[in-house]
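Read off the chains here:
2 protein chains.
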Amino acid sequence: ASIPSESRQVWQKFGVKEFGGKEEFQQEFIRHVETTLARSMYNCDDLAAYQAASQAIRDRLIVAWNKTQQKHTTKDRKRVYYLSLEFLMGRAMDNAMLNAGIKDITKSGVADLGFKIEDLLEQEPDAALGNGGLGRLAACFIDSIASTNYPGWGYGLRYQYGIFKQRIVDGYQVESPDYWLTFSNPWEIPRYEIQIDIMFYGYTRKYTNDDGKVVHVWEGGEQVQAVAYDVPVPGYGTETTNNLRLWASKPTREFDFEKFNAGDYESSVRESQKAETISAVLYPNDNFYSGKELRLKQQYFWVAASLNDIVRRFKKTHRPWKEFPDQVAIQLNDTHPTLAVVELQRILIDMEGVEWDAAWNIVTNTFGYTNHTVLPEALEKWPVPLFTNLLPRHMEIIYEINLFFLQKVEKMFPKERDLLGRVSIIEESSPQQVRMAYLAIIGSHKVNGVAELHSELIKTTIFKDFVTIYGPDKFMNVTNGITPRRWLHQANPKLCDLIASKVGSYDFLKDLNLLKKIEPFAHDPKFQDEWVTIKKFNKARLAAHIKQSNGYDVNVNALFDVQVKRIHEYKRQQMNIFGVIHRYLSIKAMTEEEKKEATPRVCIFGGKSAPGYYMAKTIIKLINAVSEVVNADTDVGDLLKVFFIADYNVSKAEIIVPASDISQHISTAGTEASGTSNMKFVLNGGLILGTVDGANIEITREVGENNIFLFGHLAESVEDLRHKHRFSDVPLDPNLEKVFNAIEIGTFGDPNIYVSLISSVTGSDYYLVSDDFQSYLDAQKLVDQDFKNKDTWVSRSITAVANMGFFSSDRAIDEYAESIWNIEPIAMD
Amino acid sequence: ASIPSESRQVWQKFGVKEFGGKEEFQQEFIRHVETTLARSMYNCDDLAAYQAASQAIRDRLIVAWNKTQQKHTTKDRKRVYYLSLEFLMGRAMDNAMLNAGIKDITKSGVADLGFKIEDLLEQEPDAALGNGGLGRLAACFIDSIASTNYPGWGYGLRYQYGIFKQRIVDGYQVESPDYWLTFSNPWEIPRYEIQIDIMFYGYTRKYTNDDGKVVHVWEGGEQVQAVAYDVPVPGYGTETTNNLRLWASKPTREFDFEKFNAGDYESSVRESQKAETISAVLYPNDNFYSGKELRLKQQYFWVAASLNDIVRRFKKTHRPWKEFPDQVAIQLNDTHPTLAVVELQRILIDMEGVEWDAAWNIVTNTFGYTNHTVLPEALEKWPVPLFTNLLPRHMEIIYEINLFFLQKVEKMFPKERDLLGRVSIIEESSPQQVRMAYLAIIGSHKVNGVAELHSELIKTTIFKDFVTIYGPDKFMNVTNGITPRRWLHQANPKLCDLIASKVGSYDFLKDLNLLKKIEPFAHDPKFQDEWVTIKKFNKARLAAHIKQSNGYDVNVNALFDVQVKRIHEYKRQQMNIFGVIHRYLSIKAMTEEEKKEATPRVCIFGGKSAPGYYMAKTIIKLINAVSEVVNADTDVGDLLKVFFIADYNVSKAEIIVPASDISQHISTAGTEASGTSNMKFVLNGGLILGTVDGANIEITREVGENNIFLFGHLAESVEDLRHKHRFSDVPLDPNLEKVFNAIEIGTFGDPNIYVSLISSVTGSDYYLVSDDFQSYLDAQKLVDQDFKNKDTWVSRSITAVANMGFFSSDRAIDEYAESIWNIEPIAMD
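Protein chains in written order, with my numbering: chain A, 1 to 829; chain B, 1001 to 1829.
For reference, chain A alone in the conformation it holds in the complex (with noise of 0.2 Å):
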């Protein structure tokens, strides 16, 4: 603002412009091959072609980057800050190419260069800063927040180390670091000068300060820094252009002066560097709990350099604390980042001395807690000894916000002794435990679940006692969506095409209400051969990609099976390929006459296994030792194939989704809190072989339940067949023991690699495999009678897309906005 107006004309005079045509983008290319690069015509490869072009891109996008920070500076309203500790982005290229419309010069600038833009965006390493689908969800988050015109950023951390590489070896998962910034990145702007403070450790103390005021003191602890990386988000046709703010943890440079003495020097650097190993691994578990301090470090390190930067931010505005939630939303990915309301709690009263009922008045009002998660092994706790060690002050303050809670709980419920044990934050256990879901739903004003049946469940299971506590109006549902950008624009452009034709407009990737303007030509047979010729194309893509990593070719007439997703008891993979086994014994059985009568399938299989979890990688074997054989098999030629597709990511399942005939979607009923991968493979014109759990059910409500196959038994069964499992002896499906006895005689390799598999089902069978296997082969039976009928099936997909609309990304974020963070769009002009 004190910017003399000689210099402010300068600067004007140089602004850089986002460049608007192919010679700008090709004269931006070259500087940075020549300069940025080093490089010169003479040595610039594919890889080199990836980079210069995505200087030139990332150029574009930060200048609309700046805009748009500064017109939401300006224009001083509410935004949301979504904390999640994995985004899943994947390779960030084509889509900054397609959000912001410049693809065709690009491919056009770089072809005269002598480049096909397809080898540059082979270059690019996927960003797999995440798991599975929670990882994900925030990716498309923040996409349709950018989209919609929301003033809104993602806060999360930079991991050195993504979601590991799998490679199969001998049919099993072996696990390779994912060194994915070996060639830096493009796609992030290091902000070197903004560098937090972050400690750990130490002890507190508390004073009595000259007003007569109790003040609580942190000290002493261990120093680390957070770093910020800034990943420009563009919203797709609007210049509006978000930011995904990530942290990298680095050394302080202030040191403890005690330990520089004589000698110690090189000790003492080692100990510095040791900081940087806080972000530098993702934790590989998906739905699952592991009590590692590292992990808690990493907690408190995003959680913490979050809020100082949202609350430097909002100091900046000068009003007061009491406005902060008129400012500032918070949503929590599951219960990950819930530290943060602990840590606000302390910011107000032991930095800005803001009375404690205040702040906490200020704190609830802030944050929303999303859950994901009804298992039970998946919900996290600390050991209340770590915690204290390793967050003294934090400790203190759960104590406190606990005490406070507990007596209000007595005070309306008097006589339930029963219930404050069961509330409270902290489990009576031994080490006592503090409960982070809990602490999450007394930190917030609003509790969200992610699907319909799961936002019901955690209000009659693990959440009831708190429904009685808060009301039921806290709880809310808001299902899950994706973004059509990335899963219809980027993955599927010639279906694009295609409903564009019809729509009009390419306006459905806006409002994917839009779609169902294609729902008329179901029926269209000059619709449906288009249809169907995309959907070979897309599976021929597939098939070229398995014949590159499996070595076989396929036949693209088959119907693809696919169930891509982490590997997981839960999920049921185990039923998929005991199902396949099933399979390959009736093929086997079959005369020639009969075989001639079969559809012919292939099963195609993806998805990591947590590195410590023995049963997930039991299941992979298992597929990998069948995919073997079966595949070899001359009597079973192309009526069954099975792969296992190595290494499944963001970009293979680009490739993967649209391929698709049926995906399937098999979790336990009531295990599957929502899943995406449903919607996306649905969007894409496949339909679905499912369990009645998470989503499926309210796609089944969309799309019809004549365009999805259902199987199983349902959610509130499930218990009632536990508890029979447990206590009377429940026979074995014949079906399942006939594919039982097939691999304990050999059939697959050495059965002793699987006994723990299959005693897991007939024993317990806590996830049912049993009880749903015959309904299984029913419904797969179906789906193969189905096929054969060209007609209809394509007319079940078209239906079933054009119903869509509902899963997008924009419809549920425009429901967080309107019920949970009250925010509005700010259009950019």
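Simulated from the structure, these hints should not be mistaken for laboratory data.
Treat the hints loosely; a few may be bogus.
To be verified - Computed list of lysine-lysine pairs in DSSO-like fashion (alpha-carbon distance at most 27 Å, straight line):
no., chain 1, residue 1, chain 2, residue 2
1, A, Lys474, A, Lys322
2, A, Lys13, B, Lys1022
3, A, Lys274, B, Lys1274
Chain A is already provided as a structure; the job is to place chain B on it using the hints.
What follows is chain B alone, placed relative to chain A:
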């Protein structure tokens, strides 16, 4: 070469040009602010402005760099590779602007935008990748190689932490890590695509191949990756921009699958992170060997990466191996890169199938070795067990080299059995040791010392036997030099302008002998006046620094007496501070009349001690203790002030050097190989108080013995004196005794701190402090007297400068080029 002509046209149309005028610079500056840094005029502080300006200048260097490399590749002449474990570069921005001749336009360009160039320069952290003289010599040499148009690269390590930061706490040195890359480094170009696998550990085996040849294989070890970072080195007044390639260690992307089974994932990620520590820290020892395994790992890592790179470049020319020495000269800066000898032999015989003798002939014709010290504690030796474990194949090759060498010696001197043991590469101690200097001599065609006395000493002491074996011609002298660009043009612009006014141009910056042209003005009163004014300006600049860092005002008319260099007993800062105490005691004993006659003096110390070097740290403590007492003593007033300037580095040298009246270079005769700061001080018009040691001798010859204050025993007396101390009772110098008494009665605080410092002198007095003390005091008295005669003093100063032409590093590089490397300049058109 196979680029289609249409593409070529586009590349050429948008090819990047070096910016010419101010506006072009401004445009680049603003572009970098608004894109690279993602900032705007509203949040561009000095740091961001420094970064943007550096990026703009860097882009310009890269264009020249590209042209130079293309030219050198096309010309295909012999290049030199200067291997140095240390490159003490200091700051890059001012040097780049001055060498490229664009300081005026950048200065005025940023001024228009509201910035002062001096403020921007202050933002840059020193690239402090060295300990002292050896590292700074390498930096001067690569400046000279570029400025004189020789095709030559530097190869070093990209330490994440340079030499530690020194702070003074309670008078003691305290070290803290130098995390110089915090805000990223605009002066390096990461070459992520140049990734070289480096192996450690493992085992060797041999087999006979189909041709009946025995082939040796090294396998099964740990792997890390070397990634290249290129630092452009712009010549002065030429477009030649050479390359300094620094290697950083990264984890390889290849993993040992065996390790990666269930649950091992996290630990294996940590494992791979450990790879990064290889190049993390510079060892903070100067002239001292410490046998840490990590140090040997650093050496091999760097040498193997560099040789791989050099060999790759050679192989592109498709010449026969025997022409390697016609294309490649490699200079070993000290013994640190001696493994290069073994590595090249290994590449040739194990990987490229060259016969041993032919290979060894190539090796010895390629390498030259520069010795930097005769101090026994600095000679590198590696325990054979450690070496064998880390580099098993190299150990085998060393045994072979040694065997063939000893066989030759035995043939030449059949009767001298003892000789074999004395010259063996393997020292027969327990454990056995690899003598790196012997390996370097045997593997090189030339061995040089760095000043005349030093080059004589190596021939008559440590390498005597090798002169007997190889004859004297293998051993030579190249006296060190300094680059006048940094040490005159950059550090002392006013003096530079004054000199140019008499020389008629700035050509003396490229041909330093032209300084001779100012000698006629040594007695010219006007010239003297201007000379004195500039000296005072420089003293005032230093005084301002002292005011800021040490809190005292100093009198710029006082004699500025400076000793800045690593703290070492052999460099005898202890003698200096004892002399200061003597001076203090004398002043305290003076009458007021005597005080009026005394010469006021400001004694300035600076330098780092190795963190584990107790005696050196005690010396620092004593200097600070004396400083505290003397500076606070009102009896003394302006007559004596003592300062220790913390964290001496290249940037501080640029302020300190031009401000000295006297600088001290007072090592025990025969211990300092050359010294180069002595040259810097004289070039800036300061006189030397020094011993007859190192390059002081040649400075005396050049500037005349009237223009230097020499004192002390000569090198040839040292051994006798030490013998006397050991075997007879040598009385302590009486003046020194008084000094010790003052310390012992607590004049400078707790005397117990200094007990071992004093007894090292009263005992064996290895460094002859007592022997030289009276002579030192006499010389100091002469300095006091002579300084009063201003006219004589300034004429001596001018005369000295006029005769410093010899000490340009350009001259030194010409000597290396002519007599060791056999390379010729390649002028840019």
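A quick look at each hint next to the structure:
A C-alpha spacing of about 21 Å is found between lysine 474/A and lysine 322/A, which places the hinted pair at or below 27 Å, so the restraint holds. For the given pair, lysine 13/A sits about 13 Å from lysine 1022/B by alpha-carbon distance, which is consistent with the 27 Å threshold. Restraint check for lysine 274/A and lysine 1274/B: satisfied, since their Cα atoms lie roughly 10 Å apart, inside the 27 Å limit.
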